[in-house]
Structures are given as C-alpha cells and as structure tokens.
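Colleague: Protein chains in written order, with the numbering used here: chain R, 1 to 210; chain H, 1001 to 1107.
If you are wondering where the hints come from, they were derived from the structure by calculation, not from laboratory data.
Misleading hints may appear alongside valid ones.
[Unchecked claim] Every beta carbon over 10 Å from chain R, so not counted as near; a handful from chain H, in silico:
no., residue
1, 1018
2, 1024
3, 1025
4, 1030
5, 1053
6, 1079
7, 1096
8, 1097
9, 1099
10, 1101
11, 1103
12, 1104
13, 1105
[Claimed, not checked] Only some residues are given here: those of chain R computed to face chain H with a beta carbon under 10 Å:
no., residue
14, 30
15, 45
16, 52
17, 56
18, 59
19, 78
20, 82
21, 86
22, 92
23, 122
24, 125
25, 155
26, 190
Ideal Cβ positions, reconstructed from N, Cα and C, are used throughout, including at glycine.
Each chain, letter by letter, is given below.
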Amino acid sequence: METLAAVVVPEHDREVGRIGMWVFLATELLFFGGLLWAYAVVRGRWPHGVAVAGAHTHVVLGTINTALLLTSSALVAAAVEAVRSGRRKFSDRAPALLAAAAVLGVAFLLVKGVEYAMELREGLLPGPGFALAGERGAELFFLLYWVMTALHALHLAVGVGLLGAYAWGTHGLRRWATPDRAEVAGLYWHFVDLVWIVLYPLLYLAGRNA
Amino acid sequence: VKRIAVAWVTLIALMLASLGSAYLRLGAWNLAIGLAIAAAKGAVVLWLFMGLGRGPAVIRLAAAVAAFVLVLLVGLGGVDFATRVDDPASLQVPQQLRPLSQGGAAR
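Please construct the entire structure, taking both the sequences and the accompanying hints into account.
Modeller: This is the structure we're talking about:
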C-alpha cells in the first residue's frame, strides 16, 4: 500500500500551486485591507463612538473564537508537517488533524452565530432602531463589524469545506489529495486565521477599559 | 511537531496578553499594543505555519509585494482623508414662512 508521500508531482507543479495561492492571498489582503482602512478612518474621526460601540461586542465569545482559530491553525500546520514527513507513522495522523481543524472551524461558526443572534436582539445591527444611534461613529463601527466578520465567516466556511475535503481525501489516499495540495489548502486556512488575528483587537478590544 | 506546539502556546499567550492589556487605561497605547501583539501573532503564523521563513525567494517576494501594494493603497488613500477639512455641513432647519399674500417675511 502506498503512503501519502509516495504520491508525487513534478517539482514545478508544487511551486506553481503555492505561488498561485500566495498571489490569490495577496488579492485577499487588499480586499480585507480596504475594509481595515475604512475602519482606521472611522476610528480616527470618531474615537469615542468606536470605543462606546467596541465595548458592546462580546469579548468572551470573541476570545474563545480567537483561541479556536489559533488552535485549528496549529493543527493544520501539524497536519502539513505530517504529510510532508513521508513517514507512515506521522502521515497517517494527517487526516485526523485536518478533520479536527475543520471541526474547530465549525465550532467557530456556531459561536459566531450565537453572537450574531445576541447582537440582533441587542439592536446592534445598523439601521432603524439601532441601539447606539445617538453616538456618532458607533453605527459605522457596527457596519464594519458586520461586514468584516461576515466576510471572514464566509471565507472560513469555504476553508472548512477545503479542510474537510482534504481530511477525507488524504484518509482515502485519493490521487488528487497530494501533500502539496493539502499544504496549499493549509495556506488558505492560515490566511483566514491571520485576518481574524487582526480583527480581534480592532473589534473586540476597542473601548474595553472605559 | 514540537516547534508547532511551542508556536501554539506562544499564540495563546499573546492572545491573553492582548486581552489583558485592553483593560488597562493606557490611552492611545491600548491600540498600539493590541496591533503590535496582532503583528507578533501574525509573524508566528506567517513564518512557522505558512512557511515563509523557509519558503523560496519567489514566495517571499509575492508576500512582500502584497504588503507593499497594501501600504501603497493605504498611503495614497490617506492623502485624501489627511488633507480634507472636517467641517460639519451647515444644516438649515426647515421652517414655515408666512405666505407673501400675508406680507411674507421671516417668522
């Protein structure tokens, strides 16, 4: 029976895959970067409104989600290391590690859903009946909060699908589930983690000390 | 694997440090510390998890160009916001004037 590492592709192919993903991530950086820039403008102009609004986010849930994503990223890194090691003893663990990371991603989405439901009840969705309507900048903060976290959640959902597919594919030693492609999928997951690392202090830690 | 475990412990510790620092009254330093810690966490993920540290030059180049273009975007975008005067728009309160047939003039 062949091991994962025995499924090889030409050298240039693996380079192409990784470079392609990095270039895609570069466009993603500009995508989220524009929103971060909008956040900077809002925060610079209405620091008080942002602080008041920031204090209304759910910091416990946000911190739990940060821990979930950091852990899942570590699991993916371990899975990639396992499939690259070429030793059966390690590479056999890769599917379980990828599946565990995907499960943590699902847990993240569940927590985020609970958080969204709480915020809807608290009137924190911008629009008529917004709870902090009198505070200038607060509504813009929450507009950016919803857009950025929803976009991030969308990316995360795609990532869960990717990790799930590669957990299944590497488990069944599918021909398409090569170590290099699993690594490329991992790069995407790490980027989703990176975005959250930046969002966490901006959305959840603003105005905590007020 | 040990390297990844150390990275994970570092990331969680940084997250808790970031959380704790947010509750201290440090003024503008709160944001600076929050972003600095996020940058440190990002560096761990980029270097160790995404393999930028051991990656070939072409991949590091792609990442560097991405960062550069982002700086360019923010820098040029900032020109407008940094130089725009933030005057509140003058607002005229709607008011009902007396009809001209009754002599007109203000209220």
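Colleague: Does the claim that residue 1103(H) lies off the interface hold, with its Cβ farther than 10 Å from every Cβ of chain R?
Modeller: holds (40 Å)
Colleague: The hint names residue 59(R) as touching chain H; please verify it with the least Cβ-Cβ distance against 10 Å.
Modeller: At 7 Å from the nearest chain H Cβ, residue 59(R) passes the 10 Å test, so the hint holds.
Colleague: Is residue 1030(H) truly not at the interface, in the sense that its beta carbon sits beyond 10 Å from all beta carbons of chain R?
Modeller: violated (7 Å)
Colleague: Does residue 45(R) hold up as a contact with chain H if the rule is Cβ-Cβ below 10 Å?
Modeller: With a closest approach of 7 Å, the residue 45(R) hint holds.
Colleague: Taking the closest Cβ pair, is residue 52(R) under 10 Å from chain H?
Modeller: violated (15 Å)
Colleague: A cut-off of 10 Å on Cβ-Cβ distance, and residue 1099(H) was said to be off the interface with chain R. Does that hold?
Modeller: holds (35 Å)
Colleague: Does the nearest C-beta of chain H fall within a distance shorter than 10 Å of the C-beta of residue 190(R)?
Modeller: holds (5 Å)
Colleague: Can we confirm that no CB of chain R comes within 10 Å of the CB of residue 1105(H)?
Modeller: Consistent with the label, residue 1105(H) stays out of reach of chain R, its closest Cβ about 36 Å off (over 10 Å).
Colleague: Taking the closest Cβ pair, is residue 122(R) under 10 Å from chain H?
Modeller: With a closest approach of 20 Å, the residue 122(R) hint is violated.
Colleague: Should the interface hint for residue 78(R) be scored as holding, given a Cβ-Cβ cut-off of 10 Å against chain H?
Modeller: Hint holds; residue 78(R) Cβ to chain H Cβ min 5 Å, cut 10 Å.
Colleague: So, as I understand it, the hint says residue 56(R) touches chain H; can you test that by seeing if any CB pair is closer than 10 Å?
Modeller: Status violated, d = 14 Å.
Colleague: Using the nearest Cβ pair, does residue 30(R) come within less than 10 Å of chain H?
Modeller: holds (6 Å)
In this structure, the hints that do not hold are numbers 1, 2, 3, 4, 16, 17, 21, 22, 23, 24, 25, in rising order.
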